[in-house]
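Put chains B, C and D with the ligands on the given structure of chain A with help from the hints.
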Amino acid sequence: MMSVIIETPAKPRTRKQANLEKYGWLFMRISGPLLVVLVFTHLVVNLVVGDGIKAIDFAFVAGKWADPFWQVWDLAMLWLALIHGTNGMRTIVNDYTEKTKVRLALGTTLWAVCGLLILLGTLVIFTFDPCPAGANPDLLASFCPAQ
Amino acid sequence: MPQQETADSNITYHTFDVLIVGAGGAGMRAAIEAGADAKVGVISKLFPTRSHTGAAQGGMAAALANVEEDSWEWHTFDTVKGGDYLVDQDAAEILAKESVQAVIDLENMGLPFNRTPEGKIDQRRFGGHTRDHGKAPVRRSCYAADRTGHMILQTLYQNCVKLGIDFYNEFYVLDLVMNDGKPAGVVAYELATGDIHVFSSKSIVFATGGFGKIYKTTSNAHTLTGDGVAIAFRRGIPLEDMEFYQFHPTGLAGLGILLSEAARGEGGILRNASGERFMERYAPTIKDLAPRDMVARAMANEVREGRGAGPNKDYVLLDLTHLEPAVIDAKLPDITEFARTYLGVEPYTEPVPVFPTAHYAMGGIPTNIKAEVLSDNDTVIPGLYAAGECACVSVHGANRLGTNSLLDINVFGKRAGQYSVEYAKTAKQVPMPANAADDVIAMIEKVRKSKGKEKIAQLRKELQDSMDKNAQVFRTEETLQEAIEKIQELRGRYENIAIQDQGKRFNTDLLEAIELGFLLDLAEVTVVACRERRESRGAHLREDYPDRDDKKFMVHSMVYQQDKVQKKTGTNMKIGWKPVVVTNYQPMERKY
Amino acid sequence: MANAAAPVIDSFTVTLIIRRFNPEVDSEPKWVDYDVEMYGTDRVLDALHKIKWEQDGSLTFRRSCAHGVCGSDAMRINGRNRLACKTLIKDLDISQPIYVEPIKGLPVEKDLIVDMNPFYQAYKDINPFLIASDKPTKERLQSPEDRARYDDTTKCILCAACTTSCPVFWTDGQYFGPAAIVNAHRFIFDSRDEGAELRIDILNDKEGVWRCRTTFNCTEACPRGIEVTKAIAEVKQAILRGRA
Amino acid sequence: MAIRPAGTLYRGKVGMWSWVLHRISGVGIFFFLLVHVLDTALVRVSPEAYNIVIESYKTPVVGLAELGLVGAILFHGLNGLRVIAIDFWSKGTKYQAIMFWIVIAITVLAVAAFTPLHLARVFSH
Ligand SMILES: Cc1cc2nc3c(=O)[nH]c(=O)nc-3n(C[C@H](O)[C@H](O)[C@H](O)COP(=O)(O)OP(=O)(O)OC[C@H]3O[C@@H](n4cnc5c(N)ncnc54)[C@H](O)[C@@H]3O)c2cc1C
Ligand code: HEM
Ligand code: SF4
Ligand code: F3S
Ligand code: FES
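Chains as they are written, first to last, in my numbering: chain A, 1 to 147; chain B, 1 to 592; chain C, 1 to 244; chain D, 1 to 125.
If we strip away everything but chain A, and leave its shape as in the complex, we get (with noise of 0.2 Å):
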């Protein structure tokens, strides 16, 4: 991950334009603390409490999401880490790029990336469906009627 060397600065600081460094920089400070309650939380509950990774199936997921609680702290963790993670994507982008063009084009990409997962993952966790109708219900959370 060392960077490359360049003994030459590929081209004259342009100067001033307006920008939202300040605010990209405030974002990672702030979504930080929240991402170590939210993700640090998320990793205990999944993985140590109770029977860990083992327990996790299906019905594990059902579970969670059937409480408002845990769907909004999922959908929290979701938003936050997403962007935080792809606004650092960006800084690395923009270190490591020197054309203006292959920058912009890996910035869309990110940001497009960002976007759908988001909108997917927000998606699951409203319309989601702890009891499928048709499912097999062995593999329902303990509360569907099926079972």
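The set of hints was computed from the structure by calculation and includes no laboratory data.
Don't take every hint at face value.
[What the hints assert, rightly or not] No more than 20 Å apart at the CA atoms, straight line, and that leaves these computed lysine to aspartate or glutamate pairs for EDC-like: (1) LYS313/B with GLU145/C; (2) LYS94/D with ASP115/C; (3) LYS162/B with ASP134/C; (4) LYS162/B with ASP10/C; (5) LYS162/B with GLU194/C; (6) LYS453/B with GLU54/C; (7) LYS428/B with ASP37/B; (8) LYS162/B with ASP201/C; (9) LYS120/B with GLU145/C; (10) LYS13/D with ASP91/C; (11) LYS120/B with ASP146/C; (12) LYS451/B with GLU54/C; (13) LYS504/B with GLU24/C; (14) LYS58/D with ASP51/A; (15) LYS99/A with GLU55/D.
[To be verified] Okay, the calculated bits of chain C under chain D, using three or more residues with CB under 8 Å as the criterion: (16) 94-106; (17) 214-224.
As the structure is a computational prediction, the values presented were derived from the model and not from experiment.
Here a beta-carbon is modelled for each residue, glycine too, at the ideal position from N, C-alpha and C.
Here is chains B, C and D with the ligands on its own, set in the frame of chain A:
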């Protein structure tokens, strides 16, 4: 923007109203003064903030009277007395009077001086500065920790950036072009490319600093090779008071790196091997804060009489251990770090080994109080100015007081700026001869093509060793004769040098050879002047003539270059004498 | 104690491996070995001089003051940025060769000399001069506390050791770099200065303080002991809060 | 003589290496997150689909990788807090190196405590 008019082959031509050679304190102060009113260019062989003004530590004198009663008259008196009465008193009065404004100018430009509790510029003691004509030390030195010179240099450069001054950095001026006795401009060599540049200008200010590299043990930078002084000399301008070269008492032993007098100003004490505070014997009243010539001589004497410290008994000790570490940290951080870095000595708890080091040239290009260069005792060369360490006004006489040089560069740098711009407003450009650069090109090509056997560094080392041995704190007819012979031998060998780097880009090999040529010239002038002054005064101590001789030598020396070898000096140099300007203070014995 | 100035350590031989490049003849940089005899108080600058003066006059580097105050000779010695004149050879591991190469991220001109102009430009871009509208006839007053506020950053000698040690600067050379920020700090926190807003605006640039990733290389490289990363953090806070 | 690289690697101290690790861990987590959102989305497809994919998380190889992931997240999160302290706490720059070692210590201890627990589950599956 560069004023580029024509460019043939590798020569580029530029035109200015005021051209300043040297971007140290003196050069940049002049540039700031002239910059607002004229087209000003500054040429420097170093990036401006690398100039040696930045090494100055202790402070800058001015009778602000911020912390105790003081007056410019007292300051004048101290300067005159410190200079062993060889000071031109009209110039010293200007120096002292304009000092207050000079400090305020710097403060207003942004210099971060240390402050008193009331928020005024703080002041501290320094050698030779006294209240009421020698009654007690006075706090006259304005300072910014122990990096006053650094702050001056940075502040001046910052203001040049603000004014948008044109700099030509890493350009070596190698010649002054005179046309019919009048200055037309200079020829410079661009380090990066090896190209030649010819600068025409109505007025030209030399501010190229000192030439401490004629000595081996020196506080001066590798680049202080006296180029400007030597160039002026080669173009027929005499050099004044070259025998007066100051040795600073407290150089780190063996290295010459300076520990500012501020160390003693803050209470540091010099001791010999047995721990005795020996300055009590030499200057009972102000002891360790006596002027530099006296302290350096006392130190050299202690060592000579076997009271030196260390395994070879060849240095004395600067004792700071009784000072609070907090005081040391606040007021002397840099110099104590030098002791730690370079000698591995912890100044909080151990005394620091010190010995005199070559430090400052009192002599140089003769000027009057308007910074105009003189071609003899009183003829002005119109349009040519000099300021700073390369010039001799003379405000330092036979021995400069600490903190008076940073003052000198500001007061006379400013004056050089003012008068040069005033001159440029009405003067006509002296026509630049068509072949202006020929001499420089010939000199460079000669050096570049030299395929001899002698190594530059070897010659330089032999020169410096000889100067340290023969023309340092103590001098006699014999040692000086030896030095002259050595220099003449080296001159012969200089014709037979070897240059390894044949390239054009950044050819520092070539430039070191050219700089050695300047050093040889200046060493010779120094030694000739030393020999002709058969008395002891200030920094010049002739063991064979130990007393001051006001009847014969209350005069400045003026050394001129001649075409032929002169009988009297045994060199191609002629010596003349110039009266000292005395206004208020008649010479008296110097006691402290 | 007091015998420190005497040569405690006798002479020893070290190998310097110097990255050399002369665009007039070389197509790319090469490493060249030199053996030199040195003494205990010698510095890397002395070794370079010895090579230049006795072995190869074409070795090229900048230097002036030789005691760490002019900022001419920042270079990479054994992988770290330092001033050659402030690095004692005996403090390095002399059983190994000493690697010397130019500072990184600025165009190499010849051997250890780099083109400093991009660096100076960043410095000039932050308006490195006092901006004040008053026209005092005497000195301005400033309390010792106000003076102490920016003391650390007045020490900068523009050696570029910090900026060229910064991994972010290496990437594309666009980042203003720590030295420029240090010099902005020197004025932003000077109670006499009125240009803080302007400077803050400049450093709020895309290539300004926000690119700093707090890697501390600058702080560790600074030969003047300036707490560079701290100064940068203070400028970031000044930008966030709208003033010092 | 060994082959010498074009230029030597810069010998930065913990500040630089913490940044290198932070960057690598950030990128790692980011790519995992992309995958993780997609696999979780399978709950909308069918319980079977989700369970099949989730089973692969329980295989030994992936199980081991998960340890790395947890370590990366722990390091990145804690070091993120360190970076924030450097930025916002006036003494942060002074204690940055100590804080780095604290981050490393906590990460190592936490991973060490988690490893037997996790591997026991993975290998007993
Ligand atoms: C270590 C040390 C400490 C000192 N401390 C104090 C102190 O505390 N108080 C005090 O009052 N004085 C002090 N002095 C003395 C004082 O600092 C100097 O005398 C003064 O700074 C000289 O300033 P200058 O502008 O004349 O020259 P410099 O600052 O030396 O500048 C010379 C300039 O000329 C340029 N130059 C030289 N040759 C050429 C050429 N051929 N072509 C183009 N440019 C050229 C250089 O690039 C440089 O920019 C100290 C001196 C030293 C060495
Ligand atoms: C667990 C809590 C987290 C905290 C406290 C945290 C904190 C931070 C902080 C403060 C930064 C900015 C670093 C800097 O400016 O130097 C950052 C950068 C970054 N983060 Fe996180 N983060 C966390 C989680 C995540 C997650 C989940 C991801 C992945 C999706 C992620 C990916 C990144 C990336 C890619 C960067 C950019 C790294 C760089 O520029 O070198 N982070 N993080
Ligand atoms: S901050 Fe330190 S390292 Fe950077 S340029 Fe200034 S003195 Fe050099
Ligand atoms: S090295 Fe660079 S990343 Fe920041 S802490 Fe210093 S500027
Ligand atoms: S030569 Fe001046 S800083 Fe090293």
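Verify the proposed pairing of LYS120/B with GLU145/C, using a straight-line Cα cut of 20 Å. This hinted pair holds, its Cα atoms lying about 12 Å apart.
Does the alpha-carbon distance linking LYS162/B and ASP134/C stay inside the 20 Å limit? Holds - the C-alpha atoms of ASP134/C and LYS162/B are around 16 Å apart, at most 20 Å.
Regarding the pair LYS504/B and GLU24/C, is the alpha-carbon distance no greater than 20 Å? holds, 8 Å
For the segment 214-224 of chain C, do three or more residues have a beta carbon lying closer than 8 Å to a beta carbon of chain D? Holds: 6 residues of the segment 214-224 of chain C have a Cβ under 8 Å from chain D.
Assess, step by step, whether the Cα of LYS451/B is no farther than 20 Å from the Cα of GLU54/C, and give holds or violated. At roughly 16 Å apart (the allowed maximum being 20 Å), GLU54/C and LYS451/B satisfy the hint.
Could you grab the alpha-carbon distance between LYS13/D and ASP91/C and see if it respects the 20 Å cut-off? With Cα atoms ~18 Å apart, LYS13/D and ASP91/C stay inside 20 Å; holds.
If you draw a straight line from the CA of LYS453/B to the CA of GLU54/C, is it 20 Å or shorter? holds, 12 Å
Just to be careful, I want the Cα atoms of LYS428/B and ASP37/B compared with a cutoff of 20 Å; is the pair within it? Holds. LYS428/B to ASP37/B sits at ~16 Å (cutoff 20 Å).
Within 20 Å, alpha carbon to alpha carbon, are LYS313/B and GLU145/C? violated, 45 Å
With a cut-off of 20 Å on the C-alpha distance, tell me whether LYS162/B and GLU194/C pass. holds, 15 Å
Restraint check for LYS162/B with ASP10/C, where alpha carbons must lie at most 20 Å apart: violated, 51 Å
Satisfaction of hint between ASP115/C and LYS94/D, Cα-Cα up to 20 Å: violated, 33 Å
The earlier numbered hints that this structure contradicts are 1, 2, 4, 15.
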